[in-house]
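Chemist: Here is how the chains run, residue by residue.
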Amino acid sequence: MTLLAQRPVRATAPATPRRRKRPILPYLLIAPTLLATAYLLLYPLIRNVIISLQEFGLPQLVRGDAEFVGLANYARVLSDPEFWAVVRRTLWFTAINVVLIMVLSTLVALLLVRLNKWLRLLVMGGLVLTWATPIIAATTVFQWLFQSRLGVVNWALVTLGFEEYRDYTWFADGEATFGILVTLIVWQSIPFAALSLYAAMITVPQELYEAARIDGAGAWRVFSTITFPVLRAMFGLITCLEVIWVVKAFVQIWVISQGGPGQATTTLPVYAFQVAQSLQRYDLGAAVSMLMVVLLVLALLAYFRELYRQERES
Amino acid sequence: MSRFARTTAALLVFVISVFPVYWMVLTAFKPTKDIQSATPTFFPAAVTFDHFGTAIAAKGFFSFWRNSLLVAGGAVLLSLVIALLAAFAIARLRWKGRRAFVLMVFVAQMTPWEALLIPVYVIARDTGMLDTLWMLTLVYFMMTLPFTIVTLRGFLAAIPVDLEEAAQVDGCSRGQAFRRVVFPLLAPGLLATSLFGFITAWNEFAFANVLIIKDQDDRTLPVWLSSFNNTFGTDWGATMAASTLFMLPVLLIFVVLQGRVTTGIVGGAVKG
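Going down the list, the sequences are from chains A and B.
Residues in the first sequence are numbered from 1 upward in steps of one, following the numbering used here.
Residues in the second sequence are numbered from 1 upward in steps of one, following the numbering used here.
So here's chain A without its partners, still in its complex pose (with noise of 0.2 Å):
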């Protein structure tokens, strides 16, 4: 599938004189795509943005007569000490999920890379099963590995010795609660990430491995000198993917502490949602969300460059 390295094109047709005018049959066939595309995402990403210049509020929302206050709203949200907040907490928990993810999933793609076949086998087995887990499901099962009195986390630390963590009420700590959410993340997230890093390792020529090893280059030597620079593209592609899809995370979040113990696990998902949704300021959660996106054009704009940049590579 080529973006913009586009495959030639054969005239797919006997040319008749017919055809040679401006056909209608392939702006057709499209109609119904841009139709949706127009109400469905246009339209509301469009709602959002006029939102975000109104007032609205509750009574705005039952009457439908809301009033243009310009830019009031995002002045509003950026002055607001706990908006920046929640940008560094969105910010410290991207980094910290998306170094885990990358390290943790270079290391499995390498393993897997090393193994035989029947254990090669049984781990892509393992990751996949955990790819085919829905968020939801998930996250009910995380929150019962870590409840406080019959969760087997507790269990396990206790037996290791860890008194302290005897009945230990894990969602009730800010902390904690953040240490759990990134590890469902980043346990959900590498199997993506390891399988594609893993496929494309195994693309990359066995000659220059066995100049490397010739040279007596050890592994790191082999891995920074070689297969890094060698798939260089890749690793940006799936890092900017995972950089995107740990800043929009919201249902892992919502459903097991809706941001809270406090704030401690608001991101700025979590935060427009509140905001909206609890306050039922919807002006200042569409300003949030506009925000939010404005981030992500970032970290997509990145990825739309790293896909260019892999399309003329291959």
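Source of the hints: derived by calculation from the structure; they are not laboratory data.
Any given hint might turn out to be false.
As the list claims (entries may be wrong) - Partial chain B-side listing against chain A, Cβ under 7 Å, derived:
| no. | residue |
| --- | --- |
| 1 | A86 |
| 2 | V120 |
| 3 | P222 |
| 4 | F246 |
| 5 | L248 |
| 6 | P249 |
| 7 | V250 |
| 8 | F254 |
Glycine residues also receive a C-beta, built at the ideal position from the N, C-alpha and C atoms.
Go by the hints and put chain B onto chain A.
Modeler: Here is chain B on its own, set in the frame of chain A:
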């Protein structure tokens, strides 16, 4: 890395990947006294189906299943039909604006839906679509449409144009050529794509949580499951049984698509 270290690391990765799901299924089958014992058992000693009974007997269980199936199935069918038209236009026809259209599809695929919760809620409310499964179906349709177009286009591009041309030389019309020659070859691709779209819609939580509020019977499975405390309290056996049942269709789909999952979709997902 020695052989021993490699094997140990592989088993460790496997156990970490599998354990949460294993623990879910194990708990679902464990008798309550084993679940509540101070020392957990890691292998099934006794098996019970009581928890599944509790889950199925929970109020509204079947209507949540029906809702989830309706919404996910409707969204996938709709997006399959509309995506097939668009994919044909991209893969087989030449027209002005095609590149721009492809670019639009790629951008649409990266839509941060989490940022559109508020406007979609407001729009649904304004148009009287709040608390209807239709609205949810439309949202899921739009969520899966770009991915469906991209993958179908990939499958279509893999079918040689020569086949269609040969059929046309033999006297088929363009429509007949597509129906009789291309469509049978495309069927596996259609199946794979629609199943993946189905999983996306089946698992979706955020919009289902916002758009269905008043009538609790209209909820879908993920929303119901997320509030398991209300339904099952601290009955972890029943909760895990409900999770297991919810995951079952997804797991079946992955098994059906086993070969494609690791190769095709990885490529599709990365480049899509």
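Chemist: Which earlier hints can't be squared with this structure?
Modeler: 5 and 6
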